[in-house]
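There are 2 protein chains.
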Amino acid sequence: MPEIYTQNISGCMADMIGDDGLTGDALEMARTAAWDVWSAMRADIAEGGFPAVSIAQQSDDLAAVRDAAARLSTHCDTVAVIGVGGSSLGAEALCALGPTPPVDVRFLNNPDPETVARFKASVDFARVGLVMVSKSGGTAETLTLAMTLMPALIDMRGGDAVADYSVVIVEPGDNPIGRLAARWGVPVIEHPVDIGGRYSALTAVGLLPAALAGLDIAAVRAGAVEALETNLAGKSVDDVPAALGAAVSLALLQSQGARMSVLMPYADALAPFARWYRQLWAESVGKNGFGTTPIDALGSVDQHSQLQLYLDGPRDKMFTIVTQQLDGRGDRVSPELATFAGAAYLAGQTTGDLLAAEQEATIESLCAHGRPVRRIEVPRVDEAAIGALMVHFMLETVTAAFMLGIDPFDQPAVDDGKERARQRLAEAAGSAGGVAA
Amino acid sequence: MPEIYTQNISGCMADMIGDDGLTGDALEMARTAAWDVWSAMRADIAEGGFPAVSIAQQSDDLAAVRDAAARLSTHCDTVAVIGVGGSSLGAEALCALGPTPPVDVRFLNNPDPETVARFKASVDFARVGLVMVSKSGGTAETLTLAMTLMPALIDMRGGDAVADYSVVIVEPGDNPIGRLAARWGVPVIEHPVDIGGRYSALTAVGLLPAALAGLDIAAVRAGAVEALETNLAGKSVDDVPAALGAAVSLALLQSQGARMSVLMPYADALAPFARWYRQLWAESVGKNGFGTTPIDALGSVDQHSQLQLYLDGPRDKMFTIVTQQLDGRGDRVSPELATFAGAAYLAGQTTGDLLAAEQEATIESLCAHGRPVRRIEVPRVDEAAIGALMVHFMLETVTAAFMLGIDPFDQPAVDDGKERARQRLAEAAGSAGGVAA
Numbered sequence: 001m002p003e004i005y006t007q008n009i010s011g012c013m014a015d016m017i018g019d020d021g022l023t024g025d026a027l028e029m030a031r032t033a034a035w036d037v038w039s040a041m042r043a044d045i046a047e048g049g050f051p052a053v054s055i056a057q058q059s060d061d062l063a064a065v066r067d068a069a070a071r072l073s074t075h076c077d078t079v080a081v082i083g084v085g086g087s088s089l090g091a092e093a094l095c096a097l098g099p100t101p102p103v104d105v106r107f108l109n110n111p112d113p114e115t116v117a118r119f120k121a122s123v124d125f126a127r128v129g130l131v132m133v134s135k136s137g138g139t140a141e142t143l144t145l146a147m148t149l150m151p152a153l154i155d156m157r158g159g160d161a162v163a164d165y166s167v168v169i170v171e172p173g174d175n176p177i178g179r180l181a182a183r184w185g186v187p188v189i190e191h192p193v194d195i196g197g198r199y200s201a202l203t204a205v206g207l208l209p210a211a212l213a214g215l216d217i218a219a220v221r222a223g224a225v226e227a228l229e230t231n232l233a234g235k236s237v238d239d240v241p242a243a244l245g246a247a248v249s250l251a252l253l254q255s256q257g258a259r260m261s262v263l264m265p266y267a268d269a270l271a272p273f274a275r276w277y278r279q280l281w282a283e284s285v286g287k288n289g290f291g292t293t294p295i296d297a298l299g300s301v302d303q304h305s306q307l308q309l310y311l312d313g314p315r316d317k318m319f320t321i322v323t324q325q326l327d328g329r330g331d332r333v334s335p336e337l338a339t340f341a342g343a344a345y346l347a348g349q350t351t352g353d354l355l356a357a358e359q360e361a362t363i364e365s366l367c368a369h370g371r372p373v374r375r376i377e378v379p380r381v382d383e384a385a386i387g388a389l390m391v392h393f394m395l396e397t398v399t400a401a402f403m404l405g406i407d408p409f410d411q412p413a414v415d416d417g418k419e420r421a422r423q424r425l426a427e428a429a430g431s432a433g434g435v436a437a
Numbered sequence: 001m002p003e004i005y006t007q008n009i010s011g012c013m014a015d016m017i018g019d020d021g022l023t024g025d026a027l028e029m030a031r032t033a034a035w036d037v038w039s040a041m042r043a044d045i046a047e048g049g050f051p052a053v054s055i056a057q058q059s060d061d062l063a064a065v066r067d068a069a070a071r072l073s074t075h076c077d078t079v080a081v082i083g084v085g086g087s088s089l090g091a092e093a094l095c096a097l098g099p100t101p102p103v104d105v106r107f108l109n110n111p112d113p114e115t116v117a118r119f120k121a122s123v124d125f126a127r128v129g130l131v132m133v134s135k136s137g138g139t140a141e142t143l144t145l146a147m148t149l150m151p152a153l154i155d156m157r158g159g160d161a162v163a164d165y166s167v168v169i170v171e172p173g174d175n176p177i178g179r180l181a182a183r184w185g186v187p188v189i190e191h192p193v194d195i196g197g198r199y200s201a202l203t204a205v206g207l208l209p210a211a212l213a214g215l216d217i218a219a220v221r222a223g224a225v226e227a228l229e230t231n232l233a234g235k236s237v238d239d240v241p242a243a244l245g246a247a248v249s250l251a252l253l254q255s256q257g258a259r260m261s262v263l264m265p266y267a268d269a270l271a272p273f274a275r276w277y278r279q280l281w282a283e284s285v286g287k288n289g290f291g292t293t294p295i296d297a298l299g300s301v302d303q304h305s306q307l308q309l310y311l312d313g314p315r316d317k318m319f320t321i322v323t324q325q326l327d328g329r330g331d332r333v334s335p336e337l338a339t340f341a342g343a344a345y346l347a348g349q350t351t352g353d354l355l356a357a358e359q360e361a362t363i364e365s366l367c368a369h370g371r372p373v374r375r376i377e378v379p380r381v382d383e384a385a386i387g388a389l390m391v392h393f394m395l396e397t398v399t400a401a402f403m404l405g406i407d408p409f410d411q412p413a414v415d416d417g418k419e420r421a422r423q424r425l426a427e428a429a430g431s432a433g434g435v436a437a
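As you go down the protein sequences, you meet chains A and B in turn. Going by our numbering, 15 is the number at position 15 of the first sequence; the sequence numbering is gapless. Going by our numbering, 130 is the number at position 130 of the second sequence; the sequence numbering is gapless.
Mixed in with the good hints, there may be bad ones.
Just so you know, same-sequence chains aren't split out, so a pair can sit in one copy or run between any two.
Unchecked claim - In the SDA-like style, the derived pairs of lysine to any residue whose C-alpha atoms are separated by at most 25 Å in a straight line are:
#  : residue 1 : residue 2
1  : Lys-120   : Arg-106
2  : Lys-120   : Gly-328
3  : Lys-418   : Gly-342
4  : Lys-120   : Thr-100
5  : Lys-120   : His-75
6  : Lys-418   : Gln-325
7  : Lys-235   : Ser-10
8  : Lys-120   : Thr-78
9  : Lys-120   : Gly-214
10 : Lys-120   : Pro-99
11 : Lys-120   : Pro-101
12 : Lys-418   : Gly-18
13 : Lys-235   : Gln-7
14 : Lys-418   : Arg-329
15 : Lys-120   : Asp-77
16 : Lys-235   : Ser-54
17 : Lys-120   : Glu-336
18 : Lys-235   : Gly-24
19 : Lys-120   : Ala-161
20 : Lys-120   : Pro-151
21 : Lys-235   : Gln-57
22 : Lys-120   : Asp-160
23 : Lys-418   : Met-16
24 : Lys-418   : Asp-407
Calculated directly from the structure, the hints in this document are not laboratory data.
From just these sequences and the hints, can you work out the full model?
Encoded structure:
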């Protein structure tokens, strides 16, 4: 059986790409630091001390998720997932893998009036269900969408129906979303208290939407467990892909000024995964003036958009290309037609052959231009693969943050913006007088 | 009547945001350089020397676009636009504004076998039309998708039907896509020879998909013309928003190390526009080791993903927030419900009120953290606004490139990757022997 995923960092090294790569010495310091951090965390992780990943080893909580999905699927053609940031991005990443979803899962992650209007106009509102997700239960965007859409559904179908058509995922305790759930008898699935939003993809937050979209959620967890075990089993930093990845990232930042980290999967279905990673890395590592900026890209699309800059612009990035086995997959170009068109090199090739050639060509081209590139390969983009990738990047992110002396689990700066928005609204409500009366 | 768009750079200045902003002196040098470049280009642009923008002043070419759209709309429920990079991103940006499209316009911009399979499974293939776009006529991804999908359509409906169901947009002359069009009698709209792919949004490349999606394409052009005239009318750099924007960008790069440029509209419908900008800027300015890295973001979504990094990470970015007038738009939260939930600050507020408060709060928060931010405001995100924004950013990009001594119209480095992919395929075809025979 092939490994669940593999990592190859040779394209980050000076002996492969020249002076812009890492020397053995430059990497060695970071390897040592990464191993120290990993060694200190390892036993704790193995004993469940990082619940965001060790929850993958559970299975007794999946029945509740499947039951909720089955109930919603019975009553709904469309389910809107109302949540922002970590309450949405992991679920979006997973749902992108559902080829023929039994339920149309939509994400309402922005209080944009135009988006809400289009959503309502594009669905049979009498067959819409809601999954409302907020860890704290007080997220302004989620609350506003919930407090406008739930009453609209109740107006149409009566108060009792909302209980059948909705689910709330929230921490235990008294909070606004919890109160709304209690008011209308909406079933609640508990958001684990010890798992932060951006680390919640393997909980019900990710898995309930995934189940609605038709994914095999046990396979997601199984892939996650396999990646976790691979990392935990490593006897040196070279055998712990997450720790080695963290070491390479920080060594490239420190010795080569690679202050941006581009994640570029060669699979449309992983485009939302790259945006999930973007939040994970940015909020976990970007603080106190530290951090690198994550950038999501997509192969082969961004060869025609960003590759010029990547190859020939400033030398300030590292690249992670996520590849899959594509040869022979997809529709085949007729040799006669390709020859007629004057594109003989495409004769007999499939779409997958082309995409496979492009992912190899991009890696080669980055190396030839002295741009550090690592490759992460999965056999095929499926449930197990995305579970594994999520665990890899959660472990890598936490390792990198601790190497920098940064707390990977807080996000102190965003509260400033939230408070400013809240004040503006409170002042507007006050000055408007009658509106809020 | 309000202006078509306004730009406010005060949040980039030291007297507003402190030491991380520009001093008057630092901006003055860039202003002078921008004015020199602009003055040299201005007369030429006014006389049609920058056809990507001056094409907006034409209207005689719109009838052919409308005719093609009408023909496809009659025969098709779904139209797949096959094109990559500049042959896709402008059209995607425009189509995002179509709220209730008469035809379901899809973009096939990647030879991903899984995507193609899902596309076929999700449509009535007998009612699918194709718009195939490649300036050179030789783009490998476009060719491969065209050479697999066109034969499939012909198998189903017979050879004559393709002429009714398809359009090709390509430069004149002998090239692979042109040969395929000739073979099956597919109508061709000429891609202007003097407009590069990433500058083609205001040509048929952008406007045919837009017309299919139900947009008022004359209004797109009218907004573009208004923005062009605004810029051409300026008597000093302060009255030429595109030149001033270029000056601020480069001054922030040079004096403050702002090597990333984040474009963050507060409108879901502008998310694809930000990706269009990302190509425009990256391919035009990112060469010879120069350039800044464009990053697309989305308000309010990325407040819950990237804002922590933006406020508290390294000081290496400038921000452009695109705002619109949102107050009072959208569904309103019942005061009674908000009070019951314990979120009185949302009482009587609409979704638009919340989004409006958030866009202001983000700008304030960036300023308070000393992060340079400019604001570009449109009255409302509509056809005229996006036409205007496209002209603004095309003019700004070209001005910035010339200030750096860079040719904004080539992309020399991407050919390396293309050649490598082509060689791999040719070798594979050779070694496979019989496959291509």
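Going down the list of hints, with the structure as the test:
1. Lys-120 x Arg-106: both (11 Å within a copy, 21 Å between copies)
2. Lys-120 x Gly-328: Answer is between: at 18 Å across copies they meet the 25 Å cutoff, but 41 Å inside does not.
3. Lys-418 x Gly-342: between (58 Å within a copy, 16 Å between copies)
4. Lys-120 x Thr-100: Close inside one copy (22 Å) and across copies (12 Å); limit 25 Å.
5. Lys-120 x His-75: within (17 Å within a copy, 28 Å between copies)
6. Lys-418 x Gln-325: Intra 44 Å, inter 20 Å, cutoff 25 Å: inter-copy only.
7. Lys-235 x Ser-10: Within one copy only: 20 Å inside a chain, 55 Å across chains, cut-off 25 Å.
8. Lys-120 x Thr-78: Both: 11 Å inside a chain and 21 Å across chains, each within 25 Å.
9. Lys-120 x Gly-214: both (23 Å within a copy, 19 Å between copies)
10. Lys-120 x Pro-99: Both. Shortest intra-copy (24 Å) and inter-copy (11 Å) distances satisfy the 25 Å Cα cut-off.
11. Lys-120 x Pro-101: both (20 Å within a copy, 15 Å between copies)
12. Lys-418 x Gly-18: For Lys-418 and Gly-18, only the inter-copy Cα distance (22 Å) is at most 25 Å; the intra-copy one is 46 Å.
13. Lys-235 x Gln-7: Answer is within; shortest intra-copy Cα gap is 16 Å, inter-copy 57 Å.
14. Lys-418 x Arg-329: between (47 Å within a copy, 21 Å between copies)
15. Lys-120 x Asp-77: Classified as both: same-chain Cα gap 13 Å, cross-chain 21 Å, threshold 25 Å.
16. Lys-235 x Ser-54: Cα proximity of Lys-235 and Ser-54: one copy only (20 Å, versus 64 Å across).
17. Lys-120 x Glu-336: between (48 Å within a copy, 24 Å between copies)
18. Lys-235 x Gly-24: within (20 Å within a copy, 57 Å between copies)
19. Lys-120 x Ala-161: Result: close within a single copy only, 18 Å intra versus 36 Å inter.
20. Lys-120 x Pro-151: Answer is within: at 14 Å inside a copy they meet the 25 Å cutoff, but 38 Å across does not.
21. Lys-235 x Gln-57: Result: close within a single copy only, 21 Å intra versus 67 Å inter.
22. Lys-120 x Asp-160: within (21 Å within a copy, 40 Å between copies)
23. Lys-418 x Met-16: between (46 Å within a copy, 21 Å between copies)
24. Lys-418 x Asp-407: Within one copy only: 21 Å inside a chain, 42 Å across chains, cut-off 25 Å.
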